[in-house]
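Peer 1: Which chain is which? The protein sequence lines are A and B, in order.
Using the working numbering, read the first sequence as starting at -13 and increasing by one per residue.
Using the working numbering, read the second sequence as starting at 220 and increasing by one per residue.
It should be emphasised that the hints constitute simulated quantities derived from the structure, not laboratory data.
All values reported here derive from a predicted model rather than from experimental measurement.
For every residue, glycine included, the Cβ atom is placed at its ideal position computed from N, Cα and C.
Fair warning: there could be bad hints in the mix.
Some chain A residues well away from chain B (every beta-carbon gap over 12 Å; in silico) [what the hints assert, rightly or not]:
1) 22
2) 64
3) 119
4) 134
5) 146
6) 148
7) 150
8) 152
9) 173
10) 174
11) 177
12) 192
13) 196
14) 218
Selected chain B positions facing chain A (Cβ under 7 Å, derived; list incomplete) [stated by the list, open to error]:
15) 316
16) 322
17) 431
18) 445
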Amino acid sequence: MQISYKPGNSFLYSLNPLIKGGLCFVLIMFFSLNGLQLPAMAGSLVALLLFAALGRLPLADLLLSIRRIWFLLVIVGLVQGFRGNGFEVVPALESMARILGVFIAAGCYLTVSPQSELMFFWETIFRPLRLLGLPARELALVMVIAVRFLPVMLSEIDRIRMAQIARGARLGKGGFFSSAAALMPLMIPTLAQAIIRGEELAEAMEARGYRVSGNRTRYHRFGIGFFDIPAGLAALAVAAIAVWSRMP
Amino acid sequence: MNAQLELKNLTVSYGGKAVAENLNGSFGFGRLNLLVGRAGSGKSSLLLAIAGFHTEFSGQILYDGAVFQSAGNFSLTFQDPESLFFNSSVGDEVEYSLRMRELPESEITPRAQQWLQRWGLDPENFYQRHPFELSGGEKRRVALAACTVAMPPIILLDEPLAGLDANGQKALAEMLNQLAYEHIVIVVTHEPEVFLQSDSSVLFLREGQGSWFSGNEFLRQAVHDRDFYPLPRWYCHAMAPFAAAPSLPPVNAEAVASFIAREKKHADQL
Chain A
-13 MQISYKPGNS FLYSLNPLIK GGLCFVLIMF FSLNGLQLPA MAGSLVALLL
37 FAALGRLPLA DLLLSIRRIW FLLVIVGLVQ GFRGNGFEVV PALESMARIL
87 GVFIAAGCYL TVSPQSELMF FWETIFRPLR LLGLPARELA LVMVIAVRFL
137 PVMLSEIDRI RMAQIARGAR LGKGGFFSSA AALMPLMIPT LAQAIIRGEE
187 LAEAMEARGY RVSGNRTRYH RFGIGFFDIP AGLAALAVAA IAVWSRMP
Chain B
220 MNAQLELKNL TVSYGGKAVA ENLNGSFGFG RLNLLVGRAG SGKSSLLLAI
270 AGFHTEFSGQ ILYDGAVFQS AGNFSLTFQD PESLFFNSSV GDEVEYSLRM
320 RELPESEITP RAQQWLQRWG LDPENFYQRH PFELSGGEKR RVALAACTVA
370 MPPIILLDEP LAGLDANGQK ALAEMLNQLA YEHIVIVVTH EPEVFLQSDS
420 SVLFLREGQG SWFSGNEFLR QAVHDRDFYP LPRWYCHAMA PFAAAPSLPP
470 VNAEAVASFI AREKKHADQL
């Protein structure tokens, strides 16, 4: 199951792109940095899923997509679990819950945000960089394309992984160095595919008239709606909990 | 070779929804086994279920009467198999699969060279070349050689003709036909006409159901009913007067021309 924009009409969809992006950012920071114990982390995950269910997001698709990161979850769990003396379950589960939280928050954001909103968000975030003479719009476009291509690349990685395993590849087996070497059949084709796709996309965009220029108008205009204020307050509350949980 | 890959009451689902239900039948040696159907009909899911990568299915997949153990017993390629290249020479690319199966070092190179030759690529010219230097058709053959060099009993190919020109498609179809005498070759394709021989086996997936045909039956039905499967118009037009012939020719211009000439001669004699 791929995580990508799926049309809908719940309150999550109607949020201003800046609020949506800000809320997602706060949630990602919350799951990455909070100092909560495992039960509270698990509660936060459940709350996030309930929030997504209230927003009528396709929860089954979101949960199924977790399969794509199981390998990462296991690696992170093992690394964190073995940090102390022997293997400890709680830190392993905590770190896995953090990754899951980040993944689900980002998944929800991508599910409710069409490309135009993503572009608007990144452009606004990068706007101050114009003062330094940096190409904010182009940077925003790079971010949007990277995010949009993530599901495509994940499915590409999956295809390559299956085909290489069929050839006898033992991906990620053995010690650190040997497992890194064993990942070459996965990493090199994936990188090559990413470069090829990037080149094709650039050519396609140029063919459709895209040029690096500041004189572009905006087709979609975004205002502040009914749900934006409570959503903004919710983001502040989540940020406050994260800070509070880190206080000595 | 008498072993068969048998599907027994197999129902393949995707995201909780059954895409192909209650499939019963078998894929065998000596002929190409084609998996045909419109987009989303479950062809690729079935292929992945056979490979063991898609586990959302009920029923059984048997090989030679026992449950099929996919590990090490199949090769699998997707569209654009050349995207799997990660070595700096054709030789290393083909040898990789043999090394991973821990064949004795002395056997690896001769076997890889012999296999490359089998795919119509002279090792003298190709072995040391970088895979990305080759033409599209050559790349495809190297990729398929690299995927099949370990000679597993089952070869699974998902749209192997994509992106090749007509000559490349025809040449590849002929090679796969040859390969089918030693392996069970299952091909997912949207272009069955390039592969279809009268003795091909076709599993046609439509609206969640699977129907098995011989190549000849499939051609006959598709010629009669364009809604059944859209074969090229020129073929259907050329074959329409010969619907009663015992078997129809494969879908290529030369075979059709010689078939029509033979049928006309036969009619004149009568």
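Peer 1: Which of the listed hints are broken here?
Peer 2: Those not satisfied are hints 5, 6, 7, 8, 9, 10, 11, 16, 17, 18.
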